[in-house]
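A.B. asks: Kindly produce the complete structure, drawing on both the sequences and the hints.
Number of protein chains: 2
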Amino acid sequence: MKITPISGFPEYLPAERIVEQHFLDIIRETFELHGFPSIETRAVEPVDRLLGKGGDADKEIYGVTRLAGEETTDAELGLHFDLTVPFARYVLENAGHLAFPFRRHQVQKVWRGERPQEGRYREFTQADIDVVDVGELAPHFEAEIPLVMAEVFAKLPIGRMVIQVNNRKIPEGFYLGIGVTDVIGTLRIVDKLDKIGPAKVADLLVESGLTREQADRCLALAAIRTEDLSFVERVRELGVEHPTLDEGLEALTRVIDTGMANAPGALVADLRIARGLDYYTGTVYETQLVGHESWGSFCSGGRYDSLASDGRTTYPGVGISIGVSRLLGLLLGHKMLSASRSTPACVLVAVNDEDSRPTSTRVATALRARGIPCEVAPKPAKFGKQIRYAERRGMPYVWFPGAGEPADGSATGPDQVKDIRSGEQVDADASVWTPPAEDLHPQILRAEA
Amino acid sequence: MKITPISGFPEYLPAERIVEQHFLDIIRETFELHGFPSIETRAVEPVDRLLGKGGDADKEIYGVTRLAGEETTDAELGLHFDLTVPFARYVLENAGHLAFPFRRHQVQKVWRGERPQEGRYREFTQADIDVVDVGELAPHFEAEIPLVMAEVFAKLPIGRMVIQVNNRKIPEGFYLGIGVTDVIGTLRIVDKLDKIGPAKVADLLVESGLTREQADRCLALAAIRTEDLSFVERVRELGVEHPTLDEGLEALTRVIDTGMANAPGALVADLRIARGLDYYTGTVYETQLVGHESWGSFCSGGRYDSLASDGRTTYPGVGISIGVSRLLGLLLGHKMLSASRSTPACVLVAVNDEDSRPTSTRVATALRARGIPCEVAPKPAKFGKQIRYAERRGMPYVWFPGAGEPADGSATGPDQVKDIRSGEQVDADASVWTPPAEDLHPQILRAEA
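Chains A and B, in that order, give the protein sequences.
Going by this note's numbering, 864 is the number at position 220 of the first sequence; the sequence numbering is gapless.
Going by this note's numbering, 727 is the number at position 83 of the second sequence; the sequence numbering is gapless.
Be a bit skeptical, because a hint or two may be false.
For identical chains, the list gives no copy identity; a pair is met inside one copy or between any two copies.
[Said to hold, decoys possible] Under the rule of at most 35 Å between Cα atoms (straight-line distance), these lysine-lysine pairs were calculated in the DSBU-like manner:
no., residue 1, residue 2
1, K753, K799
2, K836, K799
3, K753, K844
4, K844, K799
5, K646, K836
6, K753, K1026
7, K753, K646
8, K753, K1023
9, K753, K836
10, K1023, K799
11, K799, K646
12, K839, K646
13, K979, K753
None of these hints come from the bench; they were simulated from the model.
Since this is a predicted model, take the numbers as computed values, not measurements.
C.D. replies: Now the structure itself:
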């Protein structure tokens, strides 16, 4: 049977997977430091639930059916295409067992049948945090959520990430203040700025019924981007008044102010950000890797007044999601990151001959008992060959049982350990020897940009 | 839309997920200590690859298709039902990039359309380790692989697990030695011992063409189970001679001998074990939780002479797989395990009033900087209410900024931290205070059996 990769379903070699694990470990650790417990939801949801959400996501759903299934009464199932729809369902299903405001993180694969391209996959991993409450959600969460992500980005071995924040009420109030009533339609056109530029956006706005002057003022609003609170003054200079605009400016001020206090430079007010999805109602987030703005947003989200509702109770929420596979795929694809070795093992314990394998195994057991990952050589080959085995996998050390000079009157010598990068070989005792901290686990190496 | 669970697709509440994460962390940490890097394979494989393997697995496969898919030339895809078939494909696909002998671990969800029942799911997590080599595989790996699992079980908060080991060559040589030529057919019948008992197995063997004496001798072999090497003598006492039997006894001796030296009591020779799957050719493993033998095997595997083959090169391997969801589902379902809290947060930082939230956030940042997971209270409610918020989630500590007695001449007091279990409240400094190690992360609690 011929073996060919399946387009859109990337797989990593062990060294690449080590980079991915490093990312996922930092993400989880940071989420947990901020008190977000993990949940996982099943990979499948009823298709009618998937179809009801996420705009035109219906085109992207993978259906799932038992191949040998006799006729059943089971609901038609599909693979989830994000983690928000399953989370909303989870909240409704388990509301009686959850304590609100409920915060959770969720790191799972999702599937979309989109056309694969660079950094766009059909199977990919997302890492989400959300806070939901019953009835009302305190506004401070809108500042807290992006700060968790800012901490993740500061810990990841990548360049500077900037989280761009806006509040949907700002363009909404502004548009209404200049007499534009089709807020959603106007937002949709302004959202194309990155793709088609301001001149074409202005033309489209005029085509949609705005005057040239209204169009220019929409573009002026969208051009405002500040790292501090001066966006308020910049908006005021445009001379538009509307209570919704005031609400939006006040809300965004709170978020940026908290950002400046806790993570200077991580958050910017960017009044161009709208997010395509219609269910965001307040703060919205996008994220760019500085110097790679054309790669688009790696981390997006926002506030929704109704994340979930069972008809009686409404659950407002705020959340943000990192596209882990997208980010990693681009960084690995552009050789911007690599791992120092393709195995967790730090030490290869050499085997003198097959009969003495138990001796080598005892050394390995002693090292592992102190948290040092290691492997016993597969074959009692010549030492040069055993060293090459370690070298091929990037393991920094080879351990030679009994290789040292025997003390006077002793039949066997002490063990020795060789740093195969420097060639240095010294006497060592498996019950006390410890590698330098930076060698214990694989290092993630960042290529110079 | 009505929300109902989907049978066979279990989901955990946050506290249960914390138990699962603890299991998965120990599994990964142990696999890595033994030098097994992680890989993940895509969730889907071409259906014709899935159908070719794993016996009658075809009945269990979930097919995957794009719901809005126009006609495509894409291969028909299905969700993988184990991690061995995808791993074999991964080895063939990436052979040029892997260093052999290649070891890997893999912890992923798999899907089977079987009828759900207690401890049997349609979506579940497996944790596998395998070693594969090119052409030939050194026999010592057959002893190394179960010892990794024995270490996992020793670290998990569960009762004693016993890994039962056999070698397929023992029954094969024995059967041939007593003149029984349908080895597979006979193995299949003997494999029913647990379900139908020795009397019925003997009858079935006679029906299949064995003499009553042959049947009795097969049963005598299957009854042998020893924690040491005495199984060899017990087999010899049955007076059967065959070169394949000798090979099998020698191979099993090596495995049990290594087990006795490195993990006393973890491995037993159990000559009843056969494993249903036909591709195992040497050592085979099953695992029982002592006192819960009726729950069946939680961890099984064995050696296959041909894990994968591309027609020119054959890759023999040995592997073993823990059914994580099966094990957890039963332990949680029988209330044998729980988590001490439903959140990673160890501390709730109280908020005096909304204006002083930045003060509370600074405390949280200082605690997190030293690895202490915490959460800032969602509302500046009465302190009793904030304490109850922490209590409901099982967080052991609440932090009160500035709650202590001000020193002479000082306007504000020092912070205080309260252990809400004991009620003890003491002055504390967020830049140095550290909780006891056992409070830092949620504890996994084992109910008395």
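A.B. asks: Each hint needs a verdict: does it hold in this structure or not?
C.D. replies: Here is what the structure says about each hint:
Taking the closest pair of Cα atoms, K753 and K799 come within 35 Å of each other both inside a single copy (22 Å) and across two copies (28 Å). Proximity of K836 and K799 under a CA criterion of 35 Å is satisfied intra-copy only: 32 Å inside one chain copy versus 55 Å between copies. Within a single copy, K753 and K844 get their C-alpha atoms no closer than 37 Å, and across copies no closer than 47 Å, so neither meets the 35 Å cut-off. For a Cα distance limit of 35 Å, the shortest separation of K844 from K799 qualifies neither inside one copy, at 39 Å, nor across copies, at 63 Å.
In the homo-oligomer, the alpha carbons of K646 and K836 never lie at most 35 Å apart, since the shortest distance is 43 Å inside one protomer and 37 Å across protomers. With identical chains, the CA atoms of K753 and K1026 are never at most 35 Å apart, being 44 Å at best within one copy and 41 Å at best between copies. With identical chains, the CA atoms of K753 and K646 are at most 35 Å apart both within one copy (26 Å) and between copies (25 Å). Only between protomers do K753 and K1023 lie at most 35 Å apart by alpha-carbon distance; the minimum there is 34 Å, versus 38 Å within a single protomer.
Taking CA atoms no more than 35 Å apart as the test, K753 paired with K836 passes inside one copy only; the shortest distance there is 28 Å, against 39 Å between copies. Taking the shortest alpha-carbon separations for K1023 and K799, only the inter-copy value of 29 Å comes in at or below 35 Å, while the best intra-copy value is 40 Å. In this assembly of identical chains, the alpha carbons of K799 and K646 never lie at most 35 Å apart, being 42 Å within a copy and 42 Å across copies at closest. In the homo-oligomer, the alpha carbons of K839 and K646 never lie at most 35 Å apart, since the shortest distance is 40 Å inside one protomer and 41 Å across protomers.
Taking CA atoms no more than 35 Å apart as the test, K979 paired with K753 passes in both settings, with 23 Å inside one copy and 30 Å between copies.
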